[in-house]
Every structure is written in C-alpha cells, then in structure tokens.
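Peer 1: Use the sequences and the hints to build the structure in full.
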Amino acid sequence: MCATAAGRLDELAAELGFSWTSTDVDAAAAAGDAALRAEYGDRLPVVLLDGVEHSYWEVDEQRLRADLAR
Numbered sequence: 001m002c003a004t005a006a007g008r009l010d011e012l013a014a015e016l017g018f019s020w021t022s023t024d025v026d027a028a029a030a031a032g033d034a035a036l037r038a039e040y041g042d043r044l045p046v047v048l049l050d051g052v053e054h055s056y057w058e059v060d061e062q063r064l065r066a067d068l069a070r
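The UniProt record's numbering numbers the first residue of the sequence shown as 1 and each following residue consecutively.
Where hints are given, some of them may not hold.
Claimed, not checked - Cβ-Cβ distance ranges computed for the label pairs, FRET-style:
#  : residue 1 : residue 2 : range
1  : Arg65     : Gly32     : 21 to 31 Å
2  : Asp33     : Ala69     : 27 to 37 Å
3  : Asp67     : Ala6      : 31 to 41 Å
4  : Ala69     : Arg37     : 30 to 40 Å
5  : Gly32     : Glu61     : 12 to 22 Å
6  : Ala6      : Ala35     : 15 to 25 Å
7  : Ala30     : Ala69     : 31 to 41 Å
8  : Leu48     : Glu15     : 11 to 21 Å
9  : Ala31     : Gln62     : 16 to 26 Å
10 : Ala66     : Ala31     : 15 to 25 Å
11 : Arg65     : Ser22     : 25 to 35 Å
Bear in mind the hints are in silico, worked out from the structure with no lab data behind them. Quick reminder that beta carbons are idealized off the backbone N, C-alpha and C, glycines included.
Peer 2: And the structure:
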C-alpha cells in the first residue's frame, strides 16, 4: 500500500508541481523513535499536508487536488 501511494504521489507531484517526502516509521521505530509508529501505525500509509493528516490507507486524490489548489 505504501508503494502504491508513493507512486501516485510521484505522478501527482509531476503533474501539479509539488514535492513530497516519505518517512519509514518502522525504520524510525527501530532507531529508537517509536512516536510515529504509535501515532500512525494502524493507518499506514498516511498522507500529511502541511503537517496535518490528510488521508490514510490511500491517496484521496480528489481532496488532495482541491486542497492544493487553495
């Protein structure tokens, strides 16, 4: 699911001209930062927009397009 979401975000970023980053919450937890796993673990992948949870499990493309247009 994460790879699918990342692929779609890559396509949308190319089309709409935004950039995005990803964070591996499992790697962060293994490195001692379990906060992300505790916060988002059951809803991965999670899309944050300006630091606020926007969608989870899949990219809500229609909503993302609308919010980026604002």
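Peer 1: Could you work out which earlier hints the structure fails to respect and list their numbers in ascending sequence?
Peer 2: Violated hints: 1, 3, 5, 9, 10 and 11; rest satisfied.
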